[in-house]
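Hey, can you work out the whole structure from these sequences and the hints?
Number of protein chains: 2
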Amino acid sequence: MQQVNDIMQQAAEAFKKYRKISGKGKANFLRAIAEEIEGLGMELIQTAMQETNLPEGRLLGERGRTIFQLKTFADLLEEGSWVEARIDSANHQRQPIPKVDLRKMLVPIGTVAVFGASNFPFAYSTAGGDTASALAAGCPVVVKGHPAHARTSAMVAGAILKAAERTNMPKGVFAHLDSGDGFEIGKALVMHPETKAVGFTGSFAGGKALFDMANQRKEPIPVFSEMGSVNPVVLMPEKMAQDAENIAMSYASSITLGVGQFCTNPGLIIGIENENLEKFMDILSDEIEKIAPATMLNEGIYQNFEGKKTLALAQDKVITESVSKVEKTAQIQGMPTIASVSADVFLKNPTLHQEVFGPFSLVVKCEDLAQLREVLGHLEGQLTATLMATESELQANEAIVDILRNVSGRLNFNNVPTGVEVCFAMQHGGPFPASTDGRFTSVGPDAIKRFVRPASYQSFPDSLLPDELKEANPLNIWRMVDNECKK
Amino acid sequence: MQQVNDIMQQAAEAFKKYRKISGKGKANFLRAIAEEIEGLGMELIQTAMQETNLPEGRLLGERGRTIFQLKTFADLLEEGSWVEARIDSANHQRQPIPKVDLRKMLVPIGTVAVFGASNFPFAYSTAGGDTASALAAGCPVVVKGHPAHARTSAMVAGAILKAAERTNMPKGVFAHLDSGDGFEIGKALVMHPETKAVGFTGSFAGGKALFDMANQRKEPIPVFSEMGSVNPVVLMPEKMAQDAENIAMSYASSITLGVGQFCTNPGLIIGIENENLEKFMDILSDEIEKIAPATMLNEGIYQNFEGKKTLALAQDKVITESVSKVEKTAQIQGMPTIASVSADVFLKNPTLHQEVFGPFSLVVKCEDLAQLREVLGHLEGQLTATLMATESELQANEAIVDILRNVSGRLNFNNVPTGVEVCFAMQHGGPFPASTDGRFTSVGPDAIKRFVRPASYQSFPDSLLPDELKEANPLNIWRMVDNECKK
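If you read the protein sequences in the order shown, they are chains Z and X. Residue numbers for the first sequence follow my numbering, beginning at 1 and rising by one. Residue numbers for the second sequence follow my numbering, beginning at 1 and rising by one.
Hint data in this document are derived by calculation from the structure and do not stem from the laboratory. Honestly, I wouldn't trust all of these hints.
Remember, identical chains collapse to one label, so a pair may be satisfied in a single copy or spanning two.
Straight-line C-alpha distance at most 27 Å; calculated DSS-like pairs for lysine-lysine [to be verified]:
id: 1; residue 1: K325; residue 2: K279
id: 2; residue 1: K470; residue 2: K486
id: 3; residue 1: K16; residue 2: K162
id: 4; residue 1: K218; residue 2: K290
id: 5; residue 1: K317; residue 2: K279
id: 6; residue 1: K218; residue 2: K348
id: 7; residue 1: K208; residue 2: K218
id: 8; residue 1: K24; residue 2: K470
id: 9; residue 1: K17; residue 2: K470
id: 10; residue 1: K187; residue 2: K218
id: 11; residue 1: K308; residue 2: K325
id: 12; residue 1: K20; residue 2: K487
id: 13; residue 1: K99; residue 2: K449
id: 14; residue 1: K317; residue 2: K348
id: 15; residue 1: K308; residue 2: K16
Keep in mind it's a predicted model, so treat the numbers as computed, not measured.
This is how it looks when you write it as structure tokens:
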């Protein structure tokens, strides 16, 4: 595939220069991208509205998030300590052999291929978290535009290219591939020897396929696929006795937020069968019935939602608790739907453990806490897990906290899982199959760590070391110097 | 395989308790392991001598290193900041939506399978760097004993089990599998669903096979295989004009240190063809001729050395420059050998790019710096790369520094690559195929990062957070609090 080959050769050439550009230089580039995206104004928002069916308010918010992310990485680069500089000084007197001078820091790994998400045309797509963190790390980026928002993607790519030119970045530091021949282009990109890592947000099938390809290369490369999850919510009985109504109200909103098209959507709610759970179900059902169906991202997402929902509801002894009673006004609108099932049936039926991407949630009714723990023991890796509990229940149920902690990236207390803060303490990425590598986050400044590796310099002359490792600490960054953290 | 299954179930049970043991508790355990190993006294050293043919002095030194590593991780745990705690405080006033309290730290991933190295029966085997770092991280460890030092491995395992009992660690936190049915046991260990990561030190074939197995699991897991490299050394002309003699002397020692059985052995020396390189070759040859062949680790390692050396020497136009003239006194002694080849031939002959594990080094003669850069452009990932140069040559040859930086984990200046310091600034692990994951080190305190993942807590009550994340910072560790690094 000549197009991919040409772009990758240019990226490889760009890497030779780009990896040596200072933190400040890369920060300027990221800030320029933010400005150029803002400069696209309402035309970008309207294009995205047409392509994704997402409402204006949501897209304005998402553009804001995208710009915030770019600026967050610019801040990180300007501060500079993220490179984890470690210095171990020489000791020529040490016996039996002298100690050499060793210095280590994180360096970029090379060109990163990014596959954007359909549900976040800005924040997790062309100039989204993967692109921003890879460029921040010092890696060239090649984006394969998502076919579901091809024009939006091309406009954003244009903004990045303009920013690169304006800030004198090396030619080839960013490239955008049309989404025309989707699968073949994607494969060529992942298999190209100059590709050194892959970022992906989407379905399990897509993310796992990229992961498998990358591991079959002569030189295997890391693939960071964020593939979603059912985000289990555990309703503890004491909490339910106190607060079933409010919990039901907030979950009705969370389940249907953005037509349920969030990877942190609460798709599985697990409680103890009693009158409080009944009350919760009644209120949740009433609320869901009032919520208008809204247009989903595209025909494919809608068909997938309908198919998986139908499959879940068709399982033996799954009860449809409520479906929105508001009538559809357009073709591909997703009907908010709640179903329930006994824990016994759930345990025997792996189909019910799978994500139904859209406004759907399954309530699992357990006989007691022992059965609830059993259900939790069957969960696979999750982006988030949520515990609705009183503090005394939290304290008394260490085993439940432990199971949820162990299967999830983010453990949430008395809250809804939707809403993913862009900050240092965010972990967005859970044990497999929530993501292909739960040791990294795709949201927040730490996302930069996906695209770097540590590199040591032994006995190097000070003047030729990178600034981050020079004795005088000219960048004034935090470093580990002879086992002490200091500035 | 029932034996593996039983052990893994016990490890899974142990993990539930072990992951919650404090840093101090785990540090006690590691220090107790060090004590128990010391307690084995000279019997351990003598057993290892019989099994590995390594001399007493070397084994005493290696035992010291092993104990130092255990204590280094104990120190790391007691200090506590390694968990990378990040705290983002709540802001209930934030518009348009309030900010939640989020806290993140590194948590252990689960049971780690360790495959020890034949060439380091202590430091990279049963109680070596992989085991020490995994136990430090909070992960149970199952070691498959190396068949080449089965009794040594069993003795060390006994010491670990005694230490575990003495410090009240949960049953199953450590287990040792006999090396009897090697391949099948190894495979069962890697494929077991309770295994969450693999540490391996050895050949490319072995390490890559484990990596491939692990990626074919239903839940793929990380494999940290350290597979060795040729550790290229570049001899720059100005430096050679000044110092060819000393360089030759120090490389004669480095090439034959430990009968060349180090993964950082300098197997490839690249210079510009001129009288200084001739002088270097003459002195190196003279020195090599004087060095007595010594017994290699075992028959397999010896046969492999002989086979690969013969293969390299049999390539067209490879010239044998010198072979030790000291006579063999035993069967499986490796004869120190130096060969040379023109860059032209080297470039066309990938066989010559491969590691010959043992006291062998190939000198590549380039016509000029342009050809030298071409040779470097063909190198695969390396644990180390070394530049012998004057400071002005270093300054004037940025392209060469860049290539070496990009293919290696540790870049070395006017030094020999053998000698791997156990410290924070050490990177031992290079781009593939030097290791399967060059984003991590297997030596030094940072090796602990291979066996953890970040985990967030959202809106958790302070009293129920791990101590590392409590508001008052009771462990007095370094943390990132609202974007600031503080204690």
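Cross-check of the supplied hints:
Taking the shortest alpha-carbon separations for K325 and K279, only the intra-copy value of 20 Å comes in at or below 27 Å, while the best inter-copy value is 91 Å. Taking CA atoms no more than 27 Å apart as the test, K470 paired with K486 passes in both settings, with 14 Å inside one copy and 23 Å between copies. Within a single copy, K16 and K162 get their C-alpha atoms as close as 21 Å, which meets the 27 Å cut-off; across copies the closest is 53 Å, which misses it. Proximity of K218 to K290 under the C-alpha cut-off of 27 Å is found in neither arrangement, the shortest distances being 55 Å within a copy and 41 Å between copies.
Proximity of K317 to K279 under the C-alpha cut-off of 27 Å is restricted to the intra-copy arrangement: shortest distance 21 Å within a copy versus 86 Å between copies. For a Cα distance limit of 27 Å, the shortest separation of K218 from K348 across copies, 19 Å, qualifies, whereas the shortest one inside one copy, 41 Å, does not. In this homomeric assembly, K208 and K218 come within 27 Å of each other (Cα to Cα) both inside a single copy, at 18 Å, and across copies, at 11 Å. Taking the closest pair of Cα atoms, K24 and K470 come within 27 Å of each other only inside a single copy of the chain (17 Å); across copies the shortest separation is 34 Å, beyond that limit.
Taking the shortest Cα distances, K17 and K470 sit within 27 Å of each other inside one copy (21 Å), while across copies they are farther apart (43 Å). Both within a single protomer and between protomers do K187 and K218 lie at most 27 Å apart by alpha-carbon distance, with minima of 14 Å and 22 Å respectively. When the C-alpha separation of K308 and K325 is checked against a cutoff of 27 Å, the pair qualifies only within one copy, where the shortest distance is 20 Å, while the shortest distance between copies is 75 Å. Taking the closest pair of Cα atoms, K20 and K487 come within 27 Å of each other only inside a single copy of the chain (23 Å); across copies the shortest separation is 32 Å, beyond that limit.
For a Cα distance limit of 27 Å, the shortest separation of K99 from K449 across copies, 24 Å, qualifies, whereas the shortest one inside one copy, 29 Å, does not. Taking the closest pair of Cα atoms, K317 and K348 come within 27 Å of each other only inside a single copy of the chain (12 Å); across copies the shortest separation is 68 Å, beyond that limit. In the homo-oligomer, the alpha carbons of K308 and K16 never lie at most 27 Å apart, since the shortest distance is 47 Å inside one protomer and 35 Å across protomers.
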